[in-house]
Amino acid sequence: DVKVTQSSRYLVKRTGEKVFLECVQDMDHENMFWYRQDPGLGLRLIYFSYDVKMKEKGDIPEGYSVSREKKERFSLILESASTNQTSMYLCASSSGGNRGWLAFFGQGTRLTVV
Amino acid sequence: AQTVTQSQPEMSVQEAETVTLSCTYDTSESDYYLFWYKQPPSRQMILVIRQEAYKQQNATENRFSVNFQKAAKSFSLKISDSQLGDAAMYFCAFYGGATNKLIFGTGTLLAVQP
Chain A
1 DVKVTQSSRY LVKRTGEKVF LECVQDMDHE NMFWYRQDPG LGLRLIYFSY DVKMKEKGDI
61 PEGYSVSREK KERFSLILES ASTNQTSMYL CASSSGGNRG WLAFFGQGTR LTVV
Chain B
1 AQTVTQSQPE MSVQEAETVT LSCTYDTSES DYYLFWYKQP PSRQMILVIR QEAYKQQNAT
61 ENRFSVNFQK AAKSFSLKIS DSQLGDAAMY FCAFYGGATN KLIFGTGTLL AVQP
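Respectively, the protein sequence lines represent chains A and B.
According to the working numbering, the first sequence is numbered sequentially starting from 1.
According to the working numbering, the second sequence is numbered sequentially starting from 1.
Think of the hints as simulated: they come from the structure by calculation, not from any bench.
Keep in mind the model is a prediction, meaning the values are calculated, not measured.
Fair warning: there could be bad hints in the mix.
Listed next, the stretches of chain B that the computed footprint assigns to chain A, with coverage defined by at least 3 CB atoms under 8 Å from CB atoms of chain A [as the list claims (entries may be wrong)]:
| no. | stretch |
| --- | --- |
| 1 | 42 to 56 |
| 2 | 100 to 107 |
Stretch by stretch, here's where chain B covers chain A in the computed footprint (C-beta under 8 Å, at least three residues) [as the list claims (entries may be wrong)]:
| no. | stretch |
| --- | --- |
| 3 | 33 to 47 |
| 4 | 68 to 74 |
| 5 | 85 to 94 |
Every residue, glycine too, gets a C-beta built ideally from N, C-alpha and C.
Sequences are here, hints too, so could you generate the full structure?
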């Protein structure tokens, strides 16, 4: 079974702190994604990466950056956390090839910025 | 840019009855995938069903089926013989190979009444 693991299920950080959310996948997937989920807004794409050291902005990249130094790990960075970044964050990785395109999700990190 | 629209924020169905969740999308791509994901209170995103755009036949997975209308850009999910365990948030999602993005709608919260 594909496993996508997010480092924390719940996180509480202070305003202005630098925050790292880590995501690791074990299936050698090339694509990885970071989303934030807010009530009434669904999942909004923050950043995605299609290869090591490659990244693309999603729909709401402001206030975030990402790092992908190794294929299995995709980190989301909040350079200076703010209260409006309180949200649920979901990571996904995707496969392609003969079985068609499919995304697998982590269990989510609920981040509270106080 | 691709967009996914779910116009029903909440739906309710009686146990054993049938319910249809609506989804429309907009894209200029010809090669893409459409998905329905289920998110129960555990927050884990679970794939319900997948449709490849080039396939004319509607996808079916046990009690779940889709009505894929490519020309109308419509992708509805039908749940037959609804069960209490079907209660969850349901997200419609689009993946286009040209942009490499997985885009979600705002979700439909489904309640199942005993």
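Taking the hints in turn, this is what the structure says about them:
1. Using a Cβ-Cβ cut-off of 8 Å, 7 residues of the stretch 42 to 56 of chain B lie near chain A, which meets the minimum of three, so the contact claim holds.
2. A count of 8 residues in the stretch 100 to 107 of chain B with a Cβ less than 8 Å from any Cβ of chain A is obtained; the coverage claim is therefore met, three being the minimum.
3. Look at the stretch 33 to 47 of chain A against chain B: 8 of its residues bring a Cβ nearer than 8 Å to a Cβ of that chain, three or more, so the hint holds.
4. Coverage of a stretch by a chain is defined here by at least three residues with a beta carbon nearer than 8 Å to that chain's beta carbons; for the stretch 68 to 74 of chain A and chain B the count is 0, and the condition is violated.
5. Counting residues of the stretch 85 to 94 of chain A whose CB falls under 8 Å from any CB of chain B gives 4; the rule of at least 3 is met.
Checked against the numbered hints above, the structure violates only hint 4.
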